[in-house]
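Protein chains: 2
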Amino acid sequence: MTDAVAPGGTVGILGGGQLGRMLAIAAAQLGLKAHVYAPEADPPAADVARCTRGAWDDAGALRAFAGAVDVVTYEFENVPAAVVDALEPLVPVRPGRKALAVAQDRVTEKRFLNRIGVATAPFAPVDDAESLAAALERVGTPAILKTRRFGYDGKGQARIAGDGDAPGALAAMGGAPAVLEGLIRFSREISVIAARGADGAVACFDPGENVHEDGILRSTTVPAGCDAATAAAAKEIAARILAALDYVGVIGVEFFETDSRALLVNEIAPRVHNTGHWTIEATANDQFRQHVKAVCLWPLGDPARHADAVMENLIGDEALDWARLSAAPGTALHLYGKAEMRPGRKMGHTTRLRAIAAPSSSL
Amino acid sequence: MTDAVAPGGTVGILGGGQLGRMLAIAAAQLGLKAHVYAPEADPPAADVARCTRGAWDDAGALRAFAGAVDVVTYEFENVPAAVVDALEPLVPVRPGRKALAVAQDRVTEKRFLNRIGVATAPFAPVDDAESLAAALERVGTPAILKTRRFGYDGKGQARIAGDGDAPGALAAMGGAPAVLEGLIRFSREISVIAARGADGAVACFDPGENVHEDGILRSTTVPAGCDAATAAAAKEIAARILAALDYVGVIGVEFFETDSRALLVNEIAPRVHNTGHWTIEATANDQFRQHVKAVCLWPLGDPARHADAVMENLIGDEALDWARLSAAPGTALHLYGKAEMRPGRKMGHTTRLRAIAAPSSSL
Numbered sequence: 001m002t003d004a005v006a007p008g009g010t011v012g013i014l015g016g017g018q019l020g021r022m023l024a025i026a027a028a029q030l031g032l033k034a035h036v037y038a039p040e041a042d043p044p045a046a047d048v049a050r051c052t053r054g055a056w057d058d059a060g061a062l063r064a065f066a067g068a069v070d071v072v073t074y075e076f077e078n079v080p081a082a083v084v085d086a087l088e089p090l091v092p093v094r095p096g097r098k099a100l101a102v103a104q105d106r107v108t109e110k111r112f113l114n115r116i117g118v119a120t121a122p123f124a125p126v127d128d129a130e131s132l133a134a135a136l137e138r139v140g141t142p143a144i145l146k147t148r149r150f151g152y153d154g155k156g157q158a159r160i161a162g163d164g165d166a167p168g169a170l171a172a173m174g175g176a177p178a179v180l181e182g183l184i185r186f187s188r189e190i191s192v193i194a195a196r197g198a199d200g201a202v203a204c205f206d207p208g209e210n211v212h213e214d215g216i217l218r219s220t221t222v223p224a225g226c227d228a229a230t231a232a233a234a235k236e237i238a239a240r241i242l243a244a245l246d247y248v249g250v251i252g253v254e255f256f257e258t259d260s261r262a263l264l265v266n267e268i269a270p271r272v273h274n275t276g277h278w279t280i281e282a283t284a285n286d287q288f289r290q291h292v293k294a295v296c297l298w299p300l301g302d303p304a305r306h307a308d309a310v311m312e313n314l315i316g317d318e319a320l321d322w323a324r325l326s327a328a329p330g331t332a333l334h335l336y337g338k339a340e341m342r343p344g345r346k347m348g349h350t351t352r353l354r355a356i357a358a359p360s361s362s363l
Numbered sequence: 001m002t003d004a005v006a007p008g009g010t011v012g013i014l015g016g017g018q019l020g021r022m023l024a025i026a027a028a029q030l031g032l033k034a035h036v037y038a039p040e041a042d043p044p045a046a047d048v049a050r051c052t053r054g055a056w057d058d059a060g061a062l063r064a065f066a067g068a069v070d071v072v073t074y075e076f077e078n079v080p081a082a083v084v085d086a087l088e089p090l091v092p093v094r095p096g097r098k099a100l101a102v103a104q105d106r107v108t109e110k111r112f113l114n115r116i117g118v119a120t121a122p123f124a125p126v127d128d129a130e131s132l133a134a135a136l137e138r139v140g141t142p143a144i145l146k147t148r149r150f151g152y153d154g155k156g157q158a159r160i161a162g163d164g165d166a167p168g169a170l171a172a173m174g175g176a177p178a179v180l181e182g183l184i185r186f187s188r189e190i191s192v193i194a195a196r197g198a199d200g201a202v203a204c205f206d207p208g209e210n211v212h213e214d215g216i217l218r219s220t221t222v223p224a225g226c227d228a229a230t231a232a233a234a235k236e237i238a239a240r241i242l243a244a245l246d247y248v249g250v251i252g253v254e255f256f257e258t259d260s261r262a263l264l265v266n267e268i269a270p271r272v273h274n275t276g277h278w279t280i281e282a283t284a285n286d287q288f289r290q291h292v293k294a295v296c297l298w299p300l301g302d303p304a305r306h307a308d309a310v311m312e313n314l315i316g317d318e319a320l321d322w323a324r325l326s327a328a329p330g331t332a333l334h335l336y337g338k339a340e341m342r343p344g345r346k347m348g349h350t351t352r353l354r355a356i357a358a359p360s361s362s363l
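Sequences listed follow chains A and B, in order. Sequential numbering of the first sequence, starting at 1, is according to the UniProt record's numbering. Sequential numbering of the second sequence, starting at 1, is according to the UniProt record's numbering.
It is worth saying that the hints were derived from the structure and are not from the lab. Among the clues, some could well be false.
Said to hold, decoys possible - Interface residues of chain B toward chain A, partial, derived using beta-carbon atoms under 8 Å: (1) P7; (2) G9; (3) I25; (4) G301.
Using N, Cα and C, we set each Cβ at its ideal position, and we do this for glycine too.
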């Protein structure tokens, strides 16, 4: 515990969105201070934390930020490598460089996963029409073309039902390096939110079952509908990924469960994750507190679940319904304090809680 | 809903301790901003809110604070009446003046309770040796002498086992107006955390069973050990008190259950309450979110409980045990960010959660 950030210390958070806001709240619950670094004027997380406003290439602001905090973490995976270069000599950055490098490039990520024995959809890198043709031959259709980097919530993606869609899909990449992924027939999407401590301890939350619409997460339900063996296998895969990355913190791992009950990893997110928001009310150590504990080198909390839960995102003007949702039975309402409401923007979420139907083994 | 403080608005909080800190977190969870007014230099709540540092008699600072917020509430019942006088013409103060006046004076409180048909321990006001002698005659021994105003956590109290203790007890009051209360033989202490909206709607959390040591709350357990009829009666009494005070917000009502199953109200606290901390993890609308909803004129949240819970305070150096508690099974750890650790000071709490044994009727 020598290097732990003790109560009273300060957690630095790169990024000031809703995940940073909920991380800052978790830090406060644990007696820690939070300090956010963000480029925008009035980020949601600044309501509950100190805030340094700075560009990602502002070396002076980053240096001052490093001097004001005891550890740095981040709420999004596209942290520029140069930011880590600037901070790491001054203050620990957790989870570290390796997780970022793997998660920032879809091809690097899938190669890493396959190398440690984790199955993914078939894929092939695409840089131009020629490599796209070769990729289509190998992966087949239907497939989906995605930018290798900087995609989120379905942005930077184009579907290819047949070869005729190829030129348009390639144009949609705007010349950016891409990856062709085979579209998987799956019976359900699940995700595991898992944490690893610096001592190698791993704690996995129960898998949630996810529904996406237009590339954006709609809902997560726990328990997931998969059987116990599949849930255990998903947790085992998450633990293997964490160990291979020598990871410290919370990770989100998204899976497809195929009709034949195989698990394929869709993607990993080296941070707290939208599909883990249900943990705030349904566990004693939600993903945000768990992440703060891990990056501060505290012993991990118990991930046991004491309730069943359904989390639903409030997207765009759905958040206007706050007064009705305030009184909805068994429902926790979360709003993110975003000043501007835009279509497709995550404005908040609700979690409906139910007394547990079948207690998990650890309770 | 016309006068409701909508998401994006600002809740003003008088007092910056742990209750203010948890209220500010709740406001953030609901998409609201929080702004704390506190006299001390570095109050715990300032980590998660804007903060105006000002004395309680600083009219200019209070005026500026009123101009920066959309509604004012408070985390302690000893808000000076002059502060309400200064704020009320400028901004709504909830819960209002009546609840403060009743709760600030133990004699006024007990007379109010008896007037609305709520039983208390026998009591009599005491100002000097003569009125103490008369009070002892009426109330009997053992009894406890308490200052009428400004007591908390067992401070300003002296026990009288027999008449010989009377002079020392009176001296301990330091000349302040006092009240003699008969010591009740009780089988358990319970409390109800209840909320009332401006529309008159009332929502009660399940009663918790409390253990005090040396006048300080040690633990709260839900469900309480009382029978269902007693739990329902306690909720009904809380609702009656709320209605009689035309109350808006969360109130804490402490009861003694006597050996013959009578309920006597020990005291009321016109604010969120230590015995309601278990609601953070075990309900979808904890007492802090519920209070914020009420004072912002939002529809009250569902108080249903989705888990069983045991809350224990961390007092003084018990908080040094944070690393072990971080990993304790099924345990949520809360630390309040207080820089100075003192004997008897509440530094944090834990809540142990269990999947529910017998679902409450509303789930």
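Status of the hints after comparison with the structure:
{"no.": "1", "hint": "P7", "in the structure": "holds (5 Å)"}
{"no.": "2", "hint": "G9", "in the structure": "violated (11 Å)"}
{"no.": "3", "hint": "I25", "in the structure": "holds (5 Å)"}
{"no.": "4", "hint": "G301", "in the structure": "holds (6 Å)"}
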